[in-house]
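Trainee: Given the sequences, and given the hints that come with them, work out the whole structure.
Heads up: the sequence lines are chains D and G, in that order.
With my numbering as the guide, the letters of the first sequence map in order to residues 1 to 373.
With my numbering as the guide, the letters of the second sequence map in order to residues 1001 to 1098.
No lab work stands behind these hints, which were simulated from the structure alone.
None of the values given here were measured: they were computed from a predicted structure.
From the three backbone atoms N, C-alpha and C, an ideal C-beta is built for every residue, glycine too.
Any given hint could be a false lead.
[Said to hold, decoys possible] What the simulated footprint calls covered on chain D by chain G, stretch by stretch (three residues with Cβ under 8 Å from a Cβ of chain G suffice, anywhere in the stretch; the number is not a length): (1) 138 to 146; (2) 188 to 197; (3) 248 to 259.
[What the hints assert, rightly or not] Here are a few chain D residues that face chain G, going by a calculated C-beta distance under 8 Å: (4) Ser149; (5) Arg150; (6) Ala153.
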Amino acid sequence: MSSAGAWLVDTEVTPFGRHEGHGLVACAAFALVELLRRHPGLDTVDALWLGSARPGESEGWESGLGVAVARAAGLAGVPATDVHAFCASSNVAFIHAAEQVRAGQADVCLVVGVEHMSSYARRGPLRPPALPGWAAEMSPPVFYALCASRYLADHDLDPAVLADIAVRNRARAVDNPNAYFHTAVTREQVLGSRMISDPLTLLQCSAPGDGAGAALVVSAAGADRLGIDPASGARVVGLGHRSAGDDPSPPLTSFAEDAHAAADALAQAGLRPVDLDVLEVHDAFTVAQAIHLEDIGVARRGEGWAVGSTDGPMVNPSGGLLGRSHPLGATGMAQLHSVRRALRGAARHAMVQEAGGLQHLGQMLSTSIVLAS
Amino acid sequence: MSLVRCRACGRRSLDDAVACPSCGGGELEPSPVSEPATVAAATTLRVGVEDGTVRHLVVARLADLAVLASAGEPIALDAEVLVEDRADGGFHVVAPRS
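Mentor: Here it is in structure tokens:
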């Protein structure tokens, strides 16, 4: 365990949506260049970490995208590393960068997350071409629909409680200039939209998108080098990263790896779930938000759907994946951008949680990051 | 996709395993499925199905593990069913048990 600190001192996000004519390199470089413009000292960066889920699928970048993005942004020569971890790609990239800083191996790191789903070679759910045919049936919508069927039955809930998650997140996206969707929706519209996989309707599923985001994480020495007051940013006080174990019969209404990652991050920070003021969590599908909030510990089992509807922590203030859209590798950066802004306001402690992976009976890659002002 | 059984400890797992998740044994033999199960979750996929129809899918809990299985019709949660291997891979709920 390192003793050095790491601070998230700046973030930048491009608008999410469709960016025809601007591919992966351009989208990612746009976000980075904006950070470079704000921090002229960034001509000496120790490392660049890039997160992208499927750059090979979209433009053939099976590897080397980080190097190309660095060059496009004027950072040729900076050691660049690509991270591919499905929806959690840029969260995992950020964890590596923050750990590198905390370990004293770097003082100034850039993280960029990018996805360009408009240019995926094949339409359809996230599925690596190498997987066999059965995997097509266990696509993310099917996996979360199965979870939702069990969740609603176990807790004797009406499907409307899940629809209300989409209503709240879409309402919060209205004021986010980088979100794809700027229109609020009603419960009736959510429930009446096209059924994708029972009980999840279209408006309960996050939309694919294009976009990028970037983050600047530094040590105290790095902040000094850049002339930044680290207190102006958010201190990274806890990191968690777990993958699924080998439970042969997972419960479908909780993910052990999710709970463990959150517990790791909270323990590092010396915080309890009740201390969290703001959470950006993985609402790729409405039921996912409910389950993740319960796994993190901010709600009892069967009550995660209600968190954020009344008192308690703010959940997905930037609109979540349901409101922003979900360019997989960029989503983590948008979440960090949101919590950094919240921590500059009244929030004291905030968490980013993102889960990704092959939803094959619950085999997920789960990450959690806690930030404190 | 089918099941394999560890010759050393008897644990079953999906056939993408190259070592037993329990004991690490590397001798895994095919383990055909034809047994009762309980439906833990169920959905009907209505988009993206290749033949343009719908696909009924369930998570079926066997005695020792859960599998994704297709079904010919919607199946209620907690229903007792019979699960068998599908000829083209995967599993299928062939008949509710009376």
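Trainee: Take the hints in turn and mark each one as holding or not.
Mentor: Evaluated hints:
Here the stretch 138 to 146 of chain D counts 6 residues with a CB under 8 Å from a CB of chain G, which clears the bar of 3, and the coverage holds. Judged by the Cβ-Cβ criterion of 8 Å, the stretch 188 to 197 of chain D is covered by chain G as claimed, because 4 of its residues qualify and three suffice. With 4 residues carrying a beta carbon less than 8 Å from a beta carbon of chain G, the stretch 248 to 259 of chain D meets the three-residue requirement, and the given coverage holds. At a threshold of 8 Å, the smallest CB-CB gap from Ser149/D to chain G is about 5 Å, leaving the interface hint in force.
Checking Arg150/D against chain G: minimum C-beta separation of about 4 Å stays under 8 Å; hint holds. Below 8 Å, beta-carbon pairs count as interface contacts, and Ala153/D has one with chain G at about 5 Å; its hint therefore holds.
Hint violations for this structure: none, all hints satisfied.
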